[in-house]
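Trainee: Position chain D against the provided structure of chain G, taking the given hints into account.
Protein chains: 2
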Amino acid sequence: MRIYDVTLTISPTLPVWPGDPPVDLHRVSKMEEGEVCNVTRMNISVHTGTHVDAPYHFLAKGKTVETLDLKTLTGRAYVVEISNVDVVTAADIEAADIPPRTKRVLFKTRNSNHWTKNHSQFNTNFVGLSADAAKYLVERGVKLVGVDYLSVAPYEDTIPTHQILLKAGVIIVEGLDLSKISQGRYTFYCLPLKIAKADGAPARAMLIGV
Amino acid sequence: MRIYDVTLTISPTLPVWPGDPPVDLHRVSKMEEGEVCNVTRMNISVHTGTHVDAPYHFLAKGKTVETLDLKTLTGRAYVVEISNVDVVTAADIEAADIPPRTKRVLFKTRNSNHWTKNHSQFNTNFVGLSADAAKYLVERGVKLVGVDYLSVAPYEDTIPTHQILLKAGVIIVEGLDLSKISQGRYTFYCLPLKIAKADGAPARAMLIGV
Chain G
1 MRIYDVTLTI
11 SPTLPVWPGD
21 PPVDLHRVSK
31 MEEGEVCNVT
41 RMNISVHTGT
51 HVDAPYHFLA
61 KGKTVETLDL
71 KTLTGRAYVV
81 EISNVDVVTA
91 ADIEAADIPP
101 RTKRVLFKTR
111 NSNHWTKNHS
121 QFNTNFVGLS
131 ADAAKYLVER
141 GVKLVGVDYL
151 SVAPYEDTIP
161 THQILLKAGV
171 IIVEGLDLSK
181 ISQGRYTFYC
191 LPLKIAKADG
201 APARAMLIGV
Chain D
1 MRIYDVTLTI
11 SPTLPVWPGD
21 PPVDLHRVSK
31 MEEGEVCNVT
41 RMNISVHTGT
51 HVDAPYHFLA
61 KGKTVETLDL
71 KTLTGRAYVV
81 EISNVDVVTA
91 ADIEAADIPP
101 RTKRVLFKTR
111 NSNHWTKNHS
121 QFNTNFVGLS
131 ADAAKYLVER
141 GVKLVGVDYL
151 SVAPYEDTIP
161 THQILLKAGV
171 IIVEGLDLSK
181 ISQGRYTFYC
191 LPLKIAKADG
201 APARAMLIGV
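In order, the protein sequence lines correspond to chains G and D. According to the working numbering, the first sequence is numbered sequentially starting from 1. According to the working numbering, the second sequence is numbered sequentially starting from 1.
If we strip away everything but chain G, and leave its shape as in the complex, we get (with noise of 0.2 Å):
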């Protein structure tokens, strides 16, 4: 059994956002001036590095993400790599042969290059998916869809992807490192934190090769 840890590390120079402050991790209890122990606090958007959107993030009725099903997010999956678009269409999935009845697929695109070179700069040009691509989903009973970078939907056009999805119950994963995951089938471990009535949640994820 072989743990593949999927997981971009929480880190000042992980890239956040447009806009958004960076990652703040500081030391406020430090062994070396004579404290008992060290303590570090964070202080981070929910939407950090891998990380799970809850409908509450683009539905302002939406479910908030400690109600998230713990059984959706641990459970078979399938990793697709479409890596010669700049945006993944219906026609793009139709095209690459998800084993039927896949209810948790993880797209590698060419994001999770991004990943092996200590991206910091947030890069506006990462590959999305499409609304019609989240229509597909949805229609094919997919209920969880991951990705290799910080938002599910094109950067120029981020709502239809999210409430199509959101709106169907589908979980959003973001921010996945799968640079040495080969397209496959596994089994998928997504625990995010358990933040009261907050709209996404930090997780750790990984794979496990079935």
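Treat the hints with care, since some could be wrong.
Copies of the same chain are indistinguishable here, so a pair counts whether it falls within one copy or spans any two.
[Unchecked claim] In silico SDA-like pairs for lysine to any residue, Cα to Cα no more than 20 Å straight-line:
| no. | residue 1 | residue 2 |
| --- | --- | --- |
| 1 | Lys61 | Gly75 |
| 2 | Lys167 | Val39 |
| 3 | Lys61 | His26 |
| 4 | Lys117 | Glu156 |
| 5 | Lys197 | Met1 |
| 6 | Lys117 | Ile181 |
| 7 | Lys30 | Val138 |
| 8 | Lys71 | Val210 |
| 9 | Lys135 | Ser151 |
| 10 | Lys71 | Asn125 |
| 11 | Lys197 | His119 |
| 12 | Lys197 | Ile82 |
| 13 | Lys197 | Asn43 |
| 14 | Lys197 | Ser11 |
| 15 | Lys63 | Val85 |
| 16 | Lys197 | Arg27 |
| 17 | Lys135 | Met31 |
| 18 | Lys103 | Gly34 |
| 19 | Lys135 | Leu59 |
| 20 | Lys197 | Leu14 |
The hints are simulated quantities; they were obtained by calculation from the structure and are not laboratory data.
Mentor: Just chain D now, with coordinates in the frame of chain G:
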């Protein structure tokens, strides 16, 4: 397959270590004010709620949390109920008949009662593990120890228990809500945030019945 979420909810009423600022969650983007989406920020200690301690928490040259092995953080575990003590000692653990070769032990004590009662004030009278309990667990070959309050060590004597476990490479998981869990065998998944160079990390943790 039944999933039990054993994670505390991160909210402003969650008790924090005496002297620490409370959990700070605030929405910095609000749909009701015309924004495209809701976005929450959080400002918390990495030792908030259900969390993992890395060696660096109590050892000036210890490993930091992003390097902890996911193989230790996930796998078969035993929940042992020790309900009638103020401090868990080696003798208490020895008397508890934990199955041989158990690598992960989670202690359910009277602490778990707090989590059923909207507990919000830190209780310094919580049940912790004595230094001799820590030594006994290390000698047994235990690799992960979980507890149901916010520290593995008694409030008045934090250093020895932490240092003995962390020096031996034992992962400490604190702040588990075991109130709904019966003694017995489970599969445990504890996925902490992957925070660069940190002394700990908040986590989501679940048990699966076997």
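Trainee: Any of the earlier hints contradicted here, and which numbers?
Mentor: 1, 4, 5, 7, 10, 12, 15, 17 and 18
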